[in-house]
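**Q** Sequence:
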Amino acid sequence: MEDVADQAELPSFSKKRKYRTKNQSERPRKGPTPTRKSERLARRMVLMTSVLLTQRKKIGVGEQFQAEIPDWTGPPSDAELSWYRNDPNTSKMLGSRTWPPEGYVVQTNIVVAGQGRPESCNCPYPGNFYCRLHHINTARDRLRSEIGQVFKEWKFDLMGEQVSEMWSIEEQLKFAALEQLVPVFENKSFWAVAAKHFASKTRVDLVQYYLNVFLMRRVSNQCRLSLLEIDSDEDEAEEEEDEDQSDGSNSSQRPQDVQEVKKIF
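Mapping of the sequence shown onto full-length UniProt numbering: residues 1 to 265, in sequence order.
Source of the hints: derived by calculation from the structure; they are not laboratory data. Quick caveat, the model's predicted, so the values are computed rather than measured. Keep in mind that the hints are not guaranteed to be accurate.
Calculated cross-link-like contacts (lysine-lysine; reagent style DSS-like; alpha-carbon spacing at most 30 Å) [said to hold, decoys possible]:
| no. | residue 1 | residue 2 |
| --- | --- | --- |
| 1 | K155 | K174 |
| 2 | K152 | K92 |
| 3 | K174 | K196 |
| 4 | K174 | K152 |
| 5 | K155 | K201 |
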């Protein structure tokens, strides 16, 4: 195995490569380029193989590189379990258990688990858009009451539509308008522009709102449209490319609605 090395072949420090300067006359001249396509492909394959063999990282073998797993001798005894639980390295590597608490017996309902949602709904909004929100909020409240403080420790309060409660209506409208205006800012990513206009929000806040609220609202709106009315990001990008190629319009010419959106900023 050429890609396997022992500890002696893998030094603990990195050595700087020494480059020797050569004159142009000393460098070997390249041979004639093959004219046939098959010959050129064969030559490229040889070059690629040589590069892979020289630049391939070697895999270290030994006690310094692989974990030593002891042989299975059966279930651990009470003394071994006590030693494992009291070992400080156990909590250091695995962390402290947050759920379930010590002495808590978790009850599993096999009948309800995997049953799924019933076909008929008795909520105040059966078959409506708010029916989904009602059941999500009900399940969220039930989960919060069952696990208690762990609900926040596991960041469940920062998931889903609840993230919108940390944003004002003005900020949500500004975020939506800014997302439509991103193609106007040339050579700039959306997150760079958003961080500039939302100075009080961190990068994590922006990503959480985009994935949990903004993107989910867009998908839900498109799901309620007919097949002919659905408009996705990819369709918009393709339409813009077709328009630029057909009429030769430059990036400075934008529709009137985008110019109106720019007034917000």
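**Q** If a hint holds in the structure, say so; if it doesn't, say that too.
**A** A quick look at each hint next to the structure:
With a CA separation close to 26 Å, the supplied pair K155 and K174 stays within the 30 Å bound. Distance restraint check for K152 and K92: the Cα-Cα separation of roughly 22 Å lies within the 30 Å cut-off, and the hinted pair is therefore satisfied. A hinted pair counts as satisfied when its Cα atoms are at most 30 Å apart, and K174 with K196 qualifies at roughly 12 Å. For a cut-off of 30 Å, the pair hint linking K174 to K152 stands: about 28 Å separates their Cα positions.
Between K155 and K201 the CA atoms are separated by roughly 18 Å; this keeps the pair inside 30 Å, and the hint holds.
Checked against the numbered hints listed earlier, the structure breaks none of them; every hint is satisfied.
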